[in-house]
Every structure is written in C-alpha cells, then in structure tokens.
Amino acid sequence: GAVVSQHPSWVICKSGTSVKIECRSLDFQATTMFWYRQFPKQSLMLMATSNEGSKATYEQGVEKDKFLINHASLTLSTLTVTSAHPEDSSFYICSARDRVYEQYFGPGTRLTVT
Amino acid sequence: GENVEQHPSTLSVQEGDSAVIKCTYSDSASNYFPWYKQELGKRPQLIIDIRSNVGEKKDQRIAVTLNKTAKHFSLHITETQPEDSAVYFCAALNNFNKFYFGSGTKLNVKP
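From first to last, the protein sequence lines are chains A and B.
Under the working numbering, read the first sequence as residues 1 to 114, first letter to last.
Under the working numbering, read the second sequence as residues 1001 to 1111, first letter to last.
Fair warning: there could be bad hints in the mix.
[What the hints assert, rightly or not] Only pairs whose alpha carbons sit at most 25 angstroms apart, straight line, appear in this in silico DSS-like list of lysine-lysine:
(1) Lys-1037(B) / Lys-41(A)
(2) Lys-20(A) / Lys-1042(B)
(3) Lys-41(A) / Lys-1042(B)
[Said to hold, decoys possible] Example chain B residues on the side facing chain A (calculated, C-beta under 8 angstroms, incomplete):
(4) Arg-1043
(5) Phe-1101
(6) Gly-1102
Think of the hints as simulated: they come from the structure by calculation, not from any bench.
For each residue, glycine too, the CB sits at the ideal point set by N, CA and C.
Kindly generate the complete structure, drawing on both the sequences and the hints.
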C-alpha cells in the first residue's frame, strides 16, 4: 500500500520557538494532504487541508498564522508551529490521498513544548 | 460542516464474542465511510471502508453496514481476539473532500 512518512517522530522544544514537521508521500503523488491534531485519548481533529501549489484551507478555530502549512510539491507538505507554547503540545498526524477516497496516514509527530 | 458521533466510547467483550460500534453522521452528501484501528502511539490503520452506493461490506471477521436513510453506519467484529484490542475510529468524507472522525471507541477483548 501507499506509504507516508513524517519527520521528526518526536520533538521537544522550548516555549517561543518554532518547529517544522515534514510529511512525505514516498511512493505516490499526493495532490491533497491533511494535517490532524490528536490529544491523548481523543479523536483526530482536522486542522487544515493542504493542496499542492495553493494555499492551505484551515478549519474553523485553527490559527493560520500559528500553524503554517506549505505544500511545496506533490510529495511534501510541511507544518510549522510558530512561537510554540505548552498548550501546543500534542500528537500531529498528516495524511495523504492518492485517489478520490482513501487516505494514508503518516506515523505522527509527538510535540512537547517546555 | 459534518458531525460524526460514535458509540460506545468503551467496549469490553470476552474473547470470541462479537463487538459492534455505531456511528451517525449529519451531512447527507457524505459518500465514503472508513473505519480505522489505532494502537497506542501509532498511526490509524484503515481496516474496512464502505461507499454510499453499498449497504454492506465484509472482510473475514470484519463487516460494515451503512443505512443512508438513517445516516448511520456500524462496524461489526466477530470472533474477537485479544489482538483486536485498540481504539477504533469511524470517519465520513463529505462533499468538500474532508474527513471527519468520530470520537473513538476503546475496545478491550478479554482473554
């Protein structure tokens, strides 16, 4: 099946710094990638939809200036958490779609802001 | 937007018994309904899916049913095994090509 990678798998950063997370589709081209956030024991919350070559669309309540998304190519999307704070600590998961319906998830990135 | 509700939040069954998880959705235009299994600290894995033009789909011990009129769909796991223990999420794909997830069901299969 399709493979999606994410890097880094975990990161610890200090409050006020920025962190970049990469999402790559390894064996297919993804015109659309999604970014989710998951708190412990909770569901996946869609943050934004990333389309190659265009601006990301953000879900209501997600600060676009804080969570910068760039979909530079058909195989790479990045999420940058700017001026991170402890409340941004979470599990961030990306997914990519190669066809109309199915999506494939990356392994996730655990962000801890101290 | 779409609203997906999932029940129960926790489910405990004896090994060999069946487990049923139910979801409802609000957007009648949603047309694809996948189910995911997520083990602790890992990514969600697609286990079965169903499209709106089908009422039921089965894959070995796992089946999904869809009632478009009532806007609900269910996951059925028969002959449960301890390795089925995990958190299961339902999801719905709306007409804006976005996935919305249910709140999850923690399934515990007791040996």
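Going down the list of hints, with the structure as the test:
no. : hint                    : result
1   : Lys-1037(B) / Lys-41(A) : holds (13 angstroms)
2   : Lys-20(A) / Lys-1042(B) : holds (20 angstroms)
3   : Lys-41(A) / Lys-1042(B) : holds (12 angstroms)
4   : Arg-1043                : holds (4 angstroms)
5   : Phe-1101                : holds (5 angstroms)
6   : Gly-1102                : holds (7 angstroms)
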